[in-house]
Amino acid sequence: MGKPDGKKASPGKTVYVLYIGKLEKNDKIFDSNVGRVPFKFRLGVGQVIKGWGVGVYGMWIGDKRRLTIPPSMGYVFI
Numbered sequence: 001m002g003k004p005d006g007k008k009a010s011p012g013k014t015v016y017v018l019y020i021g022k023l024e025k026n027d028k029i030f031d032s033n034v035g036r037v038p039f040k041f042r043l044g045v046g047q048v049i050k051g052w053g054v055g056v057y058g059m060w061i062g063d064k065r066r067l068t069i070p071p072s073m074g075y076v077f078i
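Per the UniProt record's numbering, the sequence shown starts with residue 1, numbered consecutively.
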């Protein structure tokens, strides 16, 4: 069953995210926007790394989720 407000993250929708980015090996924080402006992006249009798109898909407003993003779904450096 869905949440009553029906605000679910799906392709084409704009989402706003508060996050804390940590390294898996030592839990060291490398980035965070907590206490600042939420990170805004449109889902499913290539604005973010694949791990964010897959990880946020299907979330409802107010949901919390822990994402572990493998290198294959992260940044590609050339």
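I should point out that these hints are in silico values taken from the structure, not numbers from a laboratory. Worth double-checking, as some hints may not be accurate.
Said to hold, decoys possible - Straight-line C-alpha distance at most 30 Å; calculated DSS-like pairs for lysine-lysine:
#  : residue 1 : residue 2
1  : 64        : 7
2  : 8         : 22
3  : 22        : 7
4  : 8         : 64
5  : 50        : 13
6  : 25        : 64
7  : 64        : 40
8  : 40        : 50
9  : 8         : 40
10 : 22        : 64
11 : 40        : 13
12 : 7         : 50
13 : 22        : 40
14 : 25        : 7
15 : 22        : 50
Claimed, not checked - If you anchor each label on the Cβ, the simulated ranges turn out as follows:
#  : residue 1 : residue 2 : range
16 : 49        : 28        : 15 to 21 Å
17 : 35        : 76        : 17 to 23 Å
18 : 32        : 62        : 25 to 31 Å
In this text, a Cβ means the ideal position worked out from N, Cα and C, and glycines have one as well.
Outcome of the hint check:
At roughly 14 Å between alpha-carbon atoms, residue 64 and residue 7 fall within 30 Å of each other, so this suggested pair holds. As the CA atoms of residue 8 and residue 22 are separated by approximately 25 Å, the hinted pair is consistent with the 30 Å bound. Between the alpha carbons of residue 22 and residue 7 the distance comes to roughly 27 Å, so the proposed pair stays at or under 30 Å and holds. For a cut-off of 30 Å, the pair hint linking residue 8 to residue 64 stands: about 13 Å separates their Cα positions.
A distance of roughly 16 Å separates the Cα atoms of residue 50 and residue 13; the hinted pair therefore holds under the 30 Å criterion. Distance hint between residue 25 and residue 64 is fulfilled; the C-alpha atoms sit about 22 Å from each other, no more than 30 Å. Distance restraint check for residue 64 and residue 40: the Cα-Cα separation of roughly 16 Å lies within the 30 Å cut-off, and the hinted pair is therefore satisfied. Restraint check: the Cα-Cα separation between residue 40 and residue 50 comes to about 15 Å, which is no more than 30 Å; the hinted pair holds.
About 15 Å separates the Cα atoms of residue 8 and residue 40, which keeps this hinted pair within 30 Å; it holds. Distance check on the hinted pair: residue 22 and residue 64 sit about 16 Å apart at the alpha-carbon level, within 30 Å; holds. A threshold of 30 Å between alpha carbons decides the hint, and for residue 40 with residue 13 the separation of about 10 Å falls inside it, so the pair holds. Proximity of residue 7 to residue 50 is assessed by CA-CA distance (about 21 Å); at most 30 Å being required, the pair is judged to hold.
The suggested pairing of residue 22 with residue 40 holds, with an alpha-carbon distance near 19 Å, which does not exceed 30 Å. At most 30 Å may separate the alpha-carbon atoms for a hinted pair to count; residue 25 and residue 7 exceed this at roughly 34 Å. Between the alpha carbons of residue 22 and residue 50 the distance comes to roughly 17 Å, so the proposed pair stays at or under 30 Å and holds. The supplied range of 15 to 21 Å is met by residue 49 and residue 28, whose beta-carbon atoms lie about 19 Å from each other.
Against the hinted window of 17 to 23 Å, the Cβ-Cβ separation of residue 35 and residue 76 comes to about 30 Å, which falls outside the hint. Separated by about 19 Å at the C-beta atoms, residue 32 and residue 62 break the suggested range of 25 to 31 Å.
The structure fails hints 14, 17, 18 (numbered hints given earlier, in ascending order).
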